[in-house]
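Student: Listed here are the chains, written in short residue letters.
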Amino acid sequence: MTRKFLPLAGVLAAAVLLVATGCSSDDSTDTGTTTEGKVNLTYWSWAPNMDKVVAGWNATHPDIQVTVNKQDGGDAAVTKLLTAIKAGSGAPDIMQAEYQKIPTLVSANAIADIAAQSASVKAKFPDSAWNSVTLGSEAVYGVPQDSGPMMFFYRTDIFAKLGVTVPTTWDEYAATARKIHKADPKKYLGTFSAADPGWFSGLSQQAGASWWGVQGDAWTVAINDAATQKVAAYWGGLVQVGAVSNTPMYTPDWNAALNDGTQVGWLGAVWGPGVLEGNAASTKGKWKAAPLPQWDPAKPADGNWGGSATSVTTQSKHKAQAAQFINWLNTDPAALKALVTDANVYPASTDATSTALTSPPAFFADQPDFYTIAAEAGKVTNPFTYGPNVNVAYSAYNDAFAKAAESKQASAFTAALATMQETTTTDMKNSGFKIAG
Amino acid sequence: MTMTPFPSTTRRRGKRAGVPYSFLAPALILFAAFLAAPIGYAGYLSLRRIKVSGLGLGAGSRVEKWAGLSNYTRSLSDPEFLPSVQRVALYGLIVVPVMLGLALLMALLLDAGRTRVGVFARTSIFLPYAVPAVIASLLWGFLYLPRISPFVDVLQSLGVTSPDVLSSSWVLYAVANIAIWGGTGFNMIVLYTALRAIPSDLSEAARIDGASDRQIALRIKVPIVLPSLVMTFVFSLIATLQVFAEPMTLRPLTNTISWTWSPLMKVYRDAFIRNDIYSAAATSVVIALATFALSFGFLKLIGARAFNQEDAS
Numbered sequence: 001m002t003r004k005f006l007p008l009a010g011v012l013a014a015a016v017l018l019v020a021t022g023c024s025s026d027d028s029t030d031t032g033t034t035t036e037g038k039v040n041l042t043y044w045s046w047a048p049n050m051d052k053v054v055a056g057w058n059a060t061h062p063d064i065q066v067t068v069n070k071q072d073g074g075d076a077a078v079t080k081l082l083t084a085i086k087a088g089s090g091a092p093d094i095m096q097a098e099y100q101k102i103p104t105l106v107s108a109n110a111i112a113d114i115a116a117q118s119a120s121v122k123a124k125f126p127d128s129a130w131n132s133v134t135l136g137s138e139a140v141y142g143v144p145q146d147s148g149p150m151m152f153f154y155r156t157d158i159f160a161k162l163g164v165t166v167p168t169t170w171d172e173y174a175a176t177a178r179k180i181h182k183a184d185p186k187k188y189l190g191t192f193s194a195a196d197p198g199w200f201s202g203l204s205q206q207a208g209a210s211w212w213g214v215q216g217d218a219w220t221v222a223i224n225d226a227a228t229q230k231v232a233a234y235w236g237g238l239v240q241v242g243a244v245s246n247t248p249m250y251t252p253d254w255n256a257a258l259n260d261g262t263q264v265g266w267l268g269a270v271w272g273p274g275v276l277e278g279n280a281a282s283t284k285g286k287w288k289a290a291p292l293p294q295w296d297p298a299k300p301a302d303g304n305w306g307g308s309a310t311s312v313t314t315q316s317k318h319k320a321q322a323a324q325f326i327n328w329l330n331t332d333p334a335a336l337k338a339l340v341t342d343a344n345v346y347p348a349s350t351d352a353t354s355t356a357l358t359s360p361p362a363f364f365a366d367q368p369d370f371y372t373i374a375a376e377a378g379k380v381t382n383p384f385t386y387g388p389n390v391n392v393a394y395s396a397y398n399d400a401f402a403k404a405a406e407s408k409q410a411s412a413f414t415a416a417l418a419t420m421q422e423t424t425t426t427d428m429k430n431s432g433f434k435i436a437g
Numbered sequence: 001m002t003m004t005p006f007p008s009t010t011r012r013r014g015k016r017a018g019v020p021y022s023f024l025a026p027a028l029i030l031f032a033a034f035l036a037a038p039i040g041y042a043g044y045l046s047l048r049r050i051k052v053s054g055l056g057l058g059a060g061s062r063v064e065k066w067a068g069l070s071n072y073t074r075s076l077s078d079p080e081f082l083p084s085v086q087r088v089a090l091y092g093l094i095v096v097p098v099m100l101g102l103a104l105l106m107a108l109l110l111d112a113g114r115t116r117v118g119v120f121a122r123t124s125i126f127l128p129y130a131v132p133a134v135i136a137s138l139l140w141g142f143l144y145l146p147r148i149s150p151f152v153d154v155l156q157s158l159g160v161t162s163p164d165v166l167s168s169s170w171v172l173y174a175v176a177n178i179a180i181w182g183g184t185g186f187n188m189i190v191l192y193t194a195l196r197a198i199p200s201d202l203s204e205a206a207r208i209d210g211a212s213d214r215q216i217a218l219r220i221k222v223p224i225v226l227p228s229l230v231m232t233f234v235f236s237l238i239a240t241l242q243v244f245a246e247p248m249t250l251r252p253l254t255n256t257i258s259w260t261w262s263p264l265m266k267v268y269r270d271a272f273i274r275n276d277i278y279s280a281a282a283t284s285v286v287i288a289l290a291t292f293a294l295s296f297g298f299l300k301l302i303g304a305r306a307f308n309q310e311d312a313s
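Respectively, the protein sequence lines represent chains A and B.
Going by the working numbering, the letters in the first sequence line up with residues 1 to 437, in that order.
Going by the working numbering, the letters in the second sequence line up with residues 1 to 313, in that order.
Hints are supplied without guarantee of correctness; some may be wrong.
[As the list claims (entries may be wrong)] In silico SDA-like cross-links for lysine to any residue, where the CA-CA straight-line distance does not exceed 20 Å:
| # | chain 1 | residue 1 | chain 2 | residue 2 |
| --- | --- | --- | --- | --- |
| 1 | A | Lys429 | B | Tyr173 |
| 2 | A | Lys429 | B | Leu69 |
| 3 | B | Lys65 | A | Thr83 |
| 4 | A | Lys186 | B | Leu47 |
| 5 | A | Lys80 | B | Ile273 |
| 6 | A | Lys186 | B | Ala112 |
| 7 | A | Lys86 | B | Ile148 |
| 8 | A | Lys429 | B | Ile50 |
| 9 | A | Lys403 | B | Lys65 |
| 10 | A | Lys186 | B | Ile50 |
[Claimed, not checked] Label-pair distances were calculated between CB atoms; the ranges are:
| # | chain 1 | residue 1 | chain 2 | residue 2 | range |
| --- | --- | --- | --- | --- | --- |
| 11 | B | Tyr44 | A | Gly37 | 20 to 30 Å |
| 12 | A | Asn40 | B | Glu64 | 28 to 38 Å |
| 13 | B | Tyr44 | A | Asp217 | 51 to 61 Å |
| 14 | B | Leu138 | A | Gly285 | 41 to 51 Å |
| 15 | B | Lys65 | A | Asp75 | 48 to 58 Å |
| 16 | B | Tyr44 | A | Thr358 | 52 to 62 Å |
| 17 | B | Ile135 | A | Ala115 | 23 to 33 Å |
| 18 | A | Asp157 | B | Glu64 | 52 to 62 Å |
| 19 | B | Ala121 | A | Gly237 | 48 to 58 Å |
| 20 | B | Leu24 | A | Asp63 | 49 to 59 Å |
| 21 | A | Lys434 | B | Leu24 | 23 to 33 Å |
The set of hints was computed from the structure by calculation and includes no laboratory data.
Ideal placement from N, C-alpha and C gives every residue a C-beta, glycine not left out.
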């Protein structure tokens, strides 16, 4: 029996070997080939028309040519990058990275410290954005590209019809939500979305939360802190009395509600016009933007929903040139203008407001102060530190708050927060991260 | 090296001995590359883990090391794992009998020649199988969402308030419905083909003996196609254990489907959301072993009897 199968096992082993070597010997997709001093860089980004923005650089920098490789989105690009890092090849030189993914990428040794080339542009960015790329250290893991200060969008026509005014505090928001739902049980001022952890973390950021932090050589995790508890209890209360809806955003159902006027308002961010235009184009001219409602009107604050930086990967063979391009992309006036007009990006650079954001987005053409509101919000955005396992916390948010939203019990919302904290710290301890406290 | 000539017969036999393996080689290489190697690698990964030190930032702060069976204990003791297994068991209890029951019924009806529009009916029952599960789930998702579902409007105009099928008490049936819709056609074709292979003189003889149509179906046809029924059952069982595309596609539409709704969704979450391929590999191995045990256990239990019956008839 054994002798009969010996050759068979031999063929099998040879085949496995063949496959294994075939996988590891392929380096042909490597980046950054140098020919006669000319450097070619690849750049992964999911912003629309980024190649048009980059064309402006390529035209004036014949020695550093950048090729854009369009990605599906933030999550997909990170998964791809981490796979390439693990494989040892296949990563681009330059990578668009969402702020909340930067600690994960740094922890996986996927993005490089470019402090030598990029520390000089610090003054061009608000502290909250700069903090996201340094993680509070001396290192610089990227240059901020865009930020997403949160704003409140509402239907002016329905507000006028129902005789309600724009809420400026969260108390007023709750009262308005109740009033609107009472006037028409089909209508809601907003929804609590368990599908959007970035939305909830932005609202918590406004309330003063910072879910992670660095204390010496240990992490702190403060998801279940007083500020976030306040936000969770607030939304739990609104869902319990039925003043706001409890179904997720970004579903065909939600789109229909935006279109037919049953979603009367939306707590979104500066990139909101694009979403509204894409999902409810027929409502153009009926929306207006306002600052986010405040907890304490005397101390206005804001949070971010979304935003990303441009980083250099550890696999790049031309890190200095890549950093040079990144500085240009996110601070040069011409590049900022192109980012706004071609790529629909709200630049993180503080210069952008005066140079590139001079007219409102097309969907809010009647509101000349659109970008002034956004800039004010950006100025008062609270600092917020992301941790190395944001994905774990975010997926825990999805599951725990979905259950809470479905139960429509305010107490379930605060319990969900505790679950989120527990899941996040357990995962970190399990991986070996040092946690303070 | 001494050149001792081999006896010619041995040499020829030696040459011939290699021939079967060279014929087998393409299949073996493919098997090794796309089945054996990945399975082996998953098994290896399931015994590894990442150990981070301190803040975990910067090069060298994370090392891959031996984990023993800790991934397995973690995966099996995850509070979400057992509920997901129970959920899928319940899902299987709905899907498998309903789907196979419908498939058998339709196959028998088509075979009895009662339907005038045989070819058309056969094609239209089979057609949903050709729709990819993700597309089917999106289509059904649109039909389930109350604000855009045409059913809700129709029911409302009839004065009936339809239940929210994506709510926690209905969502299991909503997912099961998609699987039944997509899978019945395939099983029907398998059973129908088996029915067509039965010589018609058996039915004729039974009819002469005074058997009714129902008796012919239950006493003659069903026992004969039992092996096919067993096969479709095993296929359905495996598909149930691997349910993924339908709940995954519906997940963003509702609060009632979690990341760990089914065991395979937990694998996906661990590997691609939490970047923990090691515990995902461990859970995959557990699911694979459970699938093997269930399918072969069932075949052993019922297979012999079913095939014996075929021989006896």
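Student: Hint by hint, say whether it matches the structure.
Tutor: Results for each hint:
Between lysine 429 of chain A and tyrosine 173 of chain B, the direct Cα distance comes to roughly 38 Å. Violation of the 20 Å bound is thereby established for this hinted pair. Pair hint lysine 429 of chain A plus leucine 69 of chain B holds up; C-alpha atoms about 18 Å apart against a cutoff of 20 Å. Taking the CA atoms of lysine 65 of chain B and threonine 83 of chain A, the gap is near 18 Å; set against the 20 Å cutoff, the hint holds. Between lysine 186 of chain A and leucine 47 of chain B the alpha-carbon distance is near 53 Å, which puts this suggested pair outside the 20 Å criterion.
At most 20 Å may separate the alpha-carbon atoms for a hinted pair to count; lysine 80 of chain A and isoleucine 273 of chain B meet this at roughly 12 Å. Proposed proximity of lysine 186 of chain A and alanine 112 of chain B is contradicted: the alpha carbons are some 52 Å apart, above 20 Å. For the hint linking lysine 86 of chain A to isoleucine 148 of chain B, the alpha-carbon distance of about 44 Å lies beyond 20 Å, and the restraint is violated. Between lysine 429 of chain A and isoleucine 50 of chain B the CA atoms are separated by roughly 12 Å; this keeps the pair inside 20 Å, and the hint holds.
Annotation: proposed proximity of lysine 403 of chain A to lysine 65 of chain B is violated, straight-line Cα distance about 36 Å (limit 20 Å). At roughly 50 Å between alpha-carbon atoms, lysine 186 of chain A and isoleucine 50 of chain B are farther apart than 20 Å, so this suggested pair is violated. The hinted window of 20 to 30 Å between tyrosine 44 of chain B and glycine 37 of chain A is violated, with their beta carbons roughly 44 Å apart. At about 32 Å, the beta-carbon gap between asparagine 40 of chain A and glutamate 64 of chain B stays in the expected band of 28 to 38 Å.
Under the hint 51 to 61 Å, the C-beta atoms of tyrosine 44 of chain B and aspartate 217 of chain A, about 32 Å apart, miss the expected range. Take leucine 138 of chain B and glycine 285 of chain A: their Cβ atoms lie about 31 Å apart, and the range 41 to 51 Å is violated. One distance hint, 48 to 58 Å for the beta-carbon pair lysine 65 of chain B and aspartate 75 of chain A, is violated here, with the actual separation near 27 Å. One distance hint, 52 to 62 Å for the beta-carbon pair tyrosine 44 of chain B and threonine 358 of chain A, holds here, with the actual separation near 58 Å.
The given range of 23 to 33 Å is broken by isoleucine 135 of chain B and alanine 115 of chain A, whose C-beta atoms sit roughly 48 Å from each other. Restraint check, aspartate 157 of chain A to glutamate 64 of chain B: a C-beta distance of roughly 59 Å satisfies the suggested window 52 to 62 Å. Restraint check, alanine 121 of chain B to glycine 237 of chain A: a C-beta distance of roughly 55 Å satisfies the suggested window 48 to 58 Å. As the Cβ distance of leucine 24 of chain B to aspartate 63 of chain A is approximately 55 Å, the hint placing it in 49 to 59 Å holds.
Distance hint check for lysine 434 of chain A and leucine 24 of chain B: the Cβ-Cβ separation is about 54 Å, which falls outside the suggested range of 23 to 33 Å.
In this structure, the hints that do not hold are numbers 1, 4, 6, 7, 9, 10, 11, 13, 14, 15, 17 and 21, in rising order.
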